[in-house]
Amino acid sequence: MSSCQIEKRETDVAIIGGGPAGLAAAMAAYKAGVKVTIIERDFELGGILQQCIHNGFGLRYYKEELTGPEYAQRFINDIKNTNIEVLLDSMVIDLTPDKMITALNKNKGVLKIRAKAVILAMGCRERTRGAINVPGTRPAGVFSAGMAQRLINMEGLLPGKRIVILGSGDIGLIMARRLTLEGMKVLCVAEILPYCSGLVRNKVQCLDDYNIPLYLGHTITSIKGIRRVEGVTISQVDANWKPIEGTQKEFECDTVLFSVGLIPENEVSEKANIKLDKTNGPTVNEYLETNVPGIFASGNVLQVHDLVDWVTLEAENAGKNAAEYIKNIARCGKLITPIKTIPGENVGYVVPQRIEYLDDEKVVKFSFRPRSPARNVIVEFISNGEVFYKRKKKHVIPSEMLNLKVKLKTDQLGKNITINIRNREQAKEDT
Amino acid sequence: MVDVEEIDLKNVNLEKYDKKVGDSKDFVCVICPNSCRLHVEVGPTGEVDVQGYQCKRGFEYGIQEFLQPIRMLITTMKIENGVLPVIPVRSNKEVPRERIFDAIEVVNQTVAQAPVKMGDILVDNLLDLGIHVIASRDMEAK
Numbered sequence: 001m002s003s004c005q006i007e008k009r010e011t012d013v014a015i016i017g018g019g020p021a022g023l024a025a026a027m028a029a030y031k032a033g034v035k036v037t038i039i040e041r042d043f044e045l046g047g048i049l050q051q052c053i054h055n056g057f058g059l060r061y062y063k064e065e066l067t068g069p070e071y072a073q074r075f076i077n078d079i080k081n082t083n084i085e086v087l088l089d090s091m092v093i094d095l096t097p098d099k100m101i102t103a104l105n106k107n108k109g110v111l112k113i114r115a116k117a118v119i120l121a122m123g124c125r126e127r128t129r130g131a132i133n134v135p136g137t138r139p140a141g142v143f144s145a146g147m148a149q150r151l152i153n154m155e156g157l158l159p160g161k162r163i164v165i166l167g168s169g170d171i172g173l174i175m176a177r178r179l180t181l182e183g184m185k186v187l188c189v190a191e192i193l194p195y196c197s198g199l200v201r202n203k204v205q206c207l208d209d210y211n212i213p214l215y216l217g218h219t220i221t222s223i224k225g226i227r228r229v230e231g232v233t234i235s236q237v238d239a240n241w242k243p244i245e246g247t248q249k250e251f252e253c254d255t256v257l258f259s260v261g262l263i264p265e266n267e268v269s270e271k272a273n274i275k276l277d278k279t280n281g282p283t284v285n286e287y288l289e290t291n292v293p294g295i296f297a298s299g300n301v302l303q304v305h306d307l308v309d310w311v312t313l314e315a316e317n318a319g320k321n322a323a324e325y326i327k328n329i330a331r332c333g334k335l336i337t338p339i340k341t342i343p344g345e346n347v348g349y350v351v352p353q354r355i356e357y358l359d360d361e362k363v364v365k366f367s368f369r370p371r372s373p374a375r376n377v378i379v380e381f382i383s384n385g386e387v388f389y390k391r392k393k394k395h396v397i398p399s400e401m402l403n404l405k406v407k408l409k410t411d412q413l414g415k416n417i418t419i420n421i422r423n424r425e426q427a428k429e430d431t
Numbered sequence: 001m002v003d004v005e006e007i008d009l010k011n012v013n014l015e016k017y018d019k020k021v022g023d024s025k026d027f028v029c030v031i032c033p034n035s036c037r038l039h040v041e042v043g044p045t046g047e048v049d050v051q052g053y054q055c056k057r058g059f060e061y062g063i064q065e066f067l068q069p070i071r072m073l074i075t076t077m078k079i080e081n082g083v084l085p086v087i088p089v090r091s092n093k094e095v096p097r098e099r100i101f102d103a104i105e106v107v108n109q110t111v112a113q114a115p116v117k118m119g120d121i122l123v124d125n126l127l128d129l130g131i132h133v134i135a136s137r138d139m140e141a142k
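Going down the list, the sequences are from chains A and B. Residues 1 to 431 (the numbering used here) make up the first sequence, in order. Residues 1 to 142 (the numbering used here) make up the second sequence, in order.
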């Protein structure tokens, strides 16, 4: 390969990332009749689904229960029957606002791909020990849960023998079971929150089935060991997450897994001057379009989802919208001064962050998350000081994203839309 | 296995499920997010009674989980000549929970040969349960 060879390509819709979001976006854009290119950094398509070998995927989208690899395989098989271009082993390192993509490939060298529209589908990455500042030494044997999952489920390697897991999200719980089935001893799962953040089903089938203790309101306060992890201390925390002296428990272990949250991958988005939100992902309008016209976002790069089925539905939307952008198909409504959406009481964030096209009325899909668990609540959409939409919910928890389709009418809307999740009794008293 | 649709709750073969009159269990239904709290009990006449469910699926889950908990077998199998050293596999039906470790042992003793297609049977009639272990994905040869 000559040192300065640059391979130039052109496409209609370039999709960065070949995981569940990229696959669904690609199929939707392809069906809308445009040329599609998927750029994937791994050696195969499927993304994180390939290491999520457990079942529970697809109940909404396929109406049957699949494993992660099965869910991915169905999309991969669909894509094989199309002329969608797939560039594997290709790492995108740059994206410009005028949609020039630079990628690196071991065999082809530098690729320059000129696209008419781009869909960001890079997914997310795990928060690490460093992100939550756990004290102690820095020995080998500290992994993020997803890293351990990849080692075991795809590379056939075991991360250790005696394990302590921090974080009771679904990944932490599922890894507790997986490690146990592979012959490792999981000593406990510690969770800083006063409740289990994963699904009840996972607590029952991953911890209770194997008598793995779950310490709620606890965190790791020390990691010991010089070359390899030799043990950890966990402590109970107070309401401000401060460790309580005298509550320490010691565990002898050689491995610690961190399952402490996910953050969208933003490096490429930032290069294209895309504005980010408190989701840590790009801000988008109701067409899932970022502040850069023709660059769309979907899946975990936009907001971290709990169900892949929602990722698929969101990405299909982005794929269709990107194709329509290229074909210059008029959007529903005329361009207006953007109406901002604001997360109000007990709401962590709202997607989309703004509404940009509206005539008289139209239906818009909103996704948002509660900050804390609550029962018997009412979800309120408020503009101009008036509630224009409300919906009762029996219970809400932060680990379950809420998706609502809401009809917006011009005459009801001011500059902003605020979304609240309120106690039903409290809401009644206020009116 | 328990046929929850056919079973006569007034006439359960308690010995078969290692249960006796007076046995009871409290647990949370995991079929949907409603998370109903179930109480299942063997009454004085040997009748099995489920309380706390709100739907048919919850009722059936209560009986199954009380008499004989079942779980999907999910693990990986060694594969020769594949693009990866292991392939994800699952059982085509749920396996009794108490047989999961035996089932894992069978899978660990088996080696698949690439290429494999999703759905290919890699272990036939697992532990004489009439259940297969199938590939969860395609795996091409190296």
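FYI, nobody ran anything at the bench for these hints, they're computed from the structure. Certain hints may be false.
Unchecked claim - Below 20 Å or equal to it, Euclidean Cα-Cα: the simulated PhoX-like pairs (lysine-lysine) are: (1) K80(A) x K10(B); (2) K106(A) x K10(B); (3) K56(B) x K10(B); (4) K142(B) x K63(A); (5) K242(A) x K99(A).
What the hints assert, rightly or not - Label-pair ranges, simulated between beta-carbon atoms: (6) R57(B) x E85(A): 41 to 47 Å; (7) D120(B) x P213(A): 54 to 60 Å; (8) W241(A) x N125(B): 26 to 32 Å; (9) P44(B) x L216(A): 55 to 61 Å; (10) K278(A) x K25(B): 40 to 46 Å; (11) C55(B) x N384(A): 37 to 43 Å; (12) L216(A) x K25(B): 21 to 27 Å.
Backbone N, C-alpha and C fix where the C-beta goes; we use that ideal spot for every residue, glycine too.
| said: Let me make sure I understand: some of the numbered hints might not hold for this structure. Which ones are they, in numerical order? | reply: 1, 2, 4, 5, 7, 8, 9
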